[in-house]
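The primary structure of each chain is shown beneath.
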Amino acid sequence: MKDYQILIEGDSSILIVFGDTISTEINQRITSTVQLIRAQRIEGIVDMIPAFVSLLINYNPLVISYDALRKRLEKILQMETKASETVKRVFEIPVCYGGEYGPDLKNIAAHAGLSEQEVVKIHTSCDYLIYMLGFLPGFCYLGGLDERIHTPRLETPRLKIPAGSVGIGGKQTGIYPMDSPGGWQLMGKTPVKTYDPQRDPAILVQAGEYIRFVEIDEAEFQRISELAEKNEYQVTIREGGA
Amino acid sequence: MGFRVLKAGMLTTVQDLGRNGYQSQGFSVGGALDVRSFNIANMLVDNPENEAVLEITLIGPELEFTADTIIAITGGDFSPRLNGEPIAMYSAVYVRKGDILKFGSARTGTRCYMAFSGYLQIPMVMGSRCTSLKSKIGGFKGRKLEAGDYIGERIKRRYLPFFLSRKLPPPDYNNDNGVLRVVMGPQDGLISKQGIETFLHSEYTVTGEFDRMGCRLDGPIIAPKKTSDIISDGIALGAIQVPSAGKPIILLADRQTTGGYAKIANLISVDIPRLVQKKTGQKIRFEAVTMQEAQRLYLQEVKELERMRKEIHTPCKEVLDCRQVAKRLERLYADAETQRFF
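Just so you know, the protein sequences line up as chains B and C, in that order.
Count along the first sequence from 1, add 11, and you get the number used in our numbering.
Count along the second sequence from 1, add 39, and you get the number used in our numbering.
In case anyone wonders, no lab produced these hints; they're calculated from the structure.
Since the structure is predicted, the reported quantities are computational estimates derived from the model, not experimental observations.
Don't be surprised by glycine CBs; every beta carbon is placed ideally from N, CA and C.
One thing to keep in mind: the hints can contain errors.
The calculated SDA-like cross-link candidates involving lysine to any residue, where the alpha carbons are at most 20 Å apart (straight line), are [said to hold, decoys possible]:
#1 171(B) - 175(C)
#2 342(C) - 121(B)
#3 175(C) - 48(B)
#4 241(B) - 192(B)
#5 175(C) - 82(B)
#6 180(C) - 209(B)
#7 82(B) - 52(B)
#8 182(B) - 270(C)
#9 173(C) - 209(B)
#10 171(B) - 268(C)
#11 132(B) - 121(B)
#12 182(B) - 268(C)
#13 171(B) - 173(C)
#14 175(C) - 49(C)
#15 173(C) - 190(B)
#16 86(B) - 121(B)
#17 173(C) - 132(B)
Pulled a few chain B residues facing chain C out of the computed Cβ check, cut under 10 Å [to be verified]:
#18 14
#19 15
#20 19
#21 26
#22 35
#23 65
#24 143
#25 153
#26 156
#27 168
#28 206
#29 211
#30 214
#31 218
#32 244
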């Protein structure tokens, strides 16, 4: 049985929808579909945008016809992918919590009825799946935030949140890859540049990978900052079975 | 070699056909809003298809050339003047070192494009020279042009084949009927039957909230069945979102890569250049066509551009007329400076 639906989005895009609920299974299905399509190097595909439950494919209709592309996609979508093939990659992102780095940590703690240290412990105790990137270059939509520390957004968004800020907005947590306005409650900051236009690749992570936050102190923050500035800091990546 | 910016205008940026392949990381595609005018500008100065040009918005800049070069200006009419004299749009124009090119504000359209035969000295960033204002990358230092900026050219090219043939008729933006064609979907199923009727049979007004990211429209409210919120998905160029307030938004070159509002329809590729030349207050309507029809129109557009390319590579009357040629040669020889024409 088909677990997907192919829809038309204008004259140069196809949208494949895999369901209507956010789940790790659907996300893995999308990640492996993207890999299969990339591996086939289909001429005429211009770009792809994987999202929570869908995959948008931009194509050039002068190079490949809709019918031909659809046929090739159907074939790929019917291939079996073995779960064992997907290796779980976890990026360890060091974060200095609280104080000037995370001015809203006290709000989050107060809202949760926990101590600041308990909030940090909860935040650093699981691997967050990167469902998709979007909104800003390198901005990750992460799944898996512990319900105990869900916190509503600020009533008045900040005009400028510095790059590297780690925060919570409702049920989500994430990192601001660049200076940006925003309404999330800021709990800390990472010295790692998750987006650096001068670096290749400019973005560290991709959809389907995981992020684990690791608590560091101010001295460590300074040390990593200096290394990151010189482009000498390597993020620790753990690899293993899911 | 190149030009200096004396006055920047409202929003003057370097653009090409955009930065593809990085949307999955959150990078917008960007690139010229009006791809048709962009293509014609490059064609007129014999440039490769994806060469970077200036995109000029609503109020034009003032530029001083620091070397001789050949330019072409297409798109909206911003009354360009070279040393105070009006110059032809949709035509290759030879400009000299020290010449001052001054644009006014948009008389017709909203965006104009200026191509240079010497290829702008702009570094490639992730496969493109286009400016991404949000990511602050590409183009000139990742930002819009400001007074005092200088952009050079990568090559010297002061001779173009069939120079006198390099002109085309400008479009008549005032005669546009305002009917923009769309392919319905992918989330028109979330919109009520009444909402679809409203969308296809009402007049919408282009508002002032119209930038490189998108164009907000004003007009009758398009009602969803229940909600128009969706689980965020990728957004194609020309997608028409209907947020809960019911006023449609058409997404353009600098659109965010993903969004959470239902997309009722998608503007067809060939009608995007028409939309982006609309001024605040102008009216538009939507007409549904099939995806196959949209692709046929796209192919037709490519053929039309090919026809233009042939036209400007054909000797024109001035070239074939002996007296005209003699006159031109006489003029060239009379001016010792004109050695550089050859």
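Do the hints match the structure? See the list:
A threshold of 20 Å between alpha carbons decides the hint, and for residue 171(B) with residue 175(C) the separation of about 15 Å falls inside it, so the pair holds. Simply put, residue 342(C) and residue 121(B) have alpha-carbon atoms about 65 Å apart, too far for the 20 Å limit, and the pair is violated. The hinted pair formed by residue 175(C) and residue 48(B) fails the criterion: a straight-line CA distance of about 30 Å is larger than 20 Å. About 27 Å separates the Cα atoms of residue 241(B) and residue 192(B), which puts this hinted pair outside 20 Å; it is violated.
With a CA separation close to 39 Å, the supplied pair residue 175(C) and residue 82(B) exceeds the 20 Å bound. Of the supplied pair hints, the one linking residue 180(C) and residue 209(B) holds, its CA atoms being roughly 12 Å apart against a limit of 20 Å. Of the supplied pair hints, the one linking residue 82(B) and residue 52(B) holds, its CA atoms being roughly 15 Å apart against a limit of 20 Å. Proximity of residue 182(B) to residue 270(C) is assessed by CA-CA distance (about 14 Å); at most 20 Å being required, the pair is judged to hold.
For the hint linking residue 173(C) to residue 209(B), the alpha-carbon distance of about 16 Å falls within 20 Å, and the restraint holds. For the hint linking residue 171(B) to residue 268(C), the alpha-carbon distance of about 27 Å lies beyond 20 Å, and the restraint is violated. A hinted pair counts as satisfied when its Cα atoms are at most 20 Å apart, and residue 132(B) with residue 121(B) qualifies at roughly 15 Å. At roughly 17 Å between alpha-carbon atoms, residue 182(B) and residue 268(C) fall within 20 Å of each other, so this suggested pair holds.
Proximity of residue 171(B) to residue 173(C) is assessed by CA-CA distance (about 13 Å); at most 20 Å being required, the pair is judged to hold. For the given pair, residue 175(C) sits about 18 Å from residue 49(C) by alpha-carbon distance, which is consistent with the 20 Å threshold. As the CA atoms of residue 173(C) and residue 190(B) are separated by approximately 10 Å, the hinted pair is consistent with the 20 Å bound. Restraint check: the Cα-Cα separation between residue 86(B) and residue 121(B) comes to about 52 Å, which exceeds 20 Å; the hinted pair is violated.
About 34 Å separates the Cα atoms of residue 173(C) and residue 132(B), which puts this hinted pair outside 20 Å; it is violated. The criterion of a C-beta within 10 Å of any C-beta in chain C is not met by residue 14(B), whose closest approach is roughly 16 Å, and the hint is violated. Below 10 Å, beta-carbon pairs count as interface contacts, and residue 15(B) has none with chain C, the closest being about 13 Å; its hint is therefore violated. Because the beta carbon of residue 19(B) sits about 5 Å from the nearest beta carbon in chain C, less than 10 Å, this interface hint is met.
For residue 26(B), the interface hint holds, the least distance from its beta-carbon to any beta-carbon of chain C being 5 Å, beneath 10 Å. Hint status for residue 35(B): violated, given a least beta-carbon distance of 14 Å to chain C, over 10 Å. Hint status for residue 65(B): holds, given a least beta-carbon distance of 4 Å to chain C, under 10 Å. Taken as an interface hint, residue 143(B) checks out: its beta carbon lies about 7 Å from the nearest beta carbon of chain C, inside 10 Å.
A hinted interface residue such as residue 153(B) counts as satisfied when its beta carbon comes closer than 10 Å to some beta carbon of chain C; here the least separation is about 13 Å, so the hint is violated. Here the hint on residue 156(B) is broken, as its CB sits about 17 Å from the closest CB of chain C, past 10 Å. Of the supplied interface hints, the one on residue 168(B) is violated, with its beta-carbon coming no nearer than about 16 Å to a beta-carbon of chain C, more than 10 Å. Interface hint at residue 206(B): satisfied, since its Cβ lies 8 Å from the closest Cβ of chain C, which is below the 10 Å cut-off.
Hint status for residue 211(B) relative to chain C: holds, with the closest Cβ pair at about 9 Å, below 10 Å. Interface restraint check for residue 214(B): the shortest CB-CB distance to chain C comes to about 4 Å, inside 10 Å, so the restraint holds. The criterion of a C-beta within 10 Å of any C-beta in chain C is met by residue 218(B), whose closest approach is roughly 7 Å, and the hint holds. A cut of 10 Å between beta carbons decides the hint on residue 244(B): the least distance to chain C is about 20 Å, and the hint is violated.
The structure does not agree with the numbered hints 2, 3, 4, 5, 10, 16, 17, 18, 19, 22, 25, 26, 27, 32 stated previously, though it agrees with the rest.
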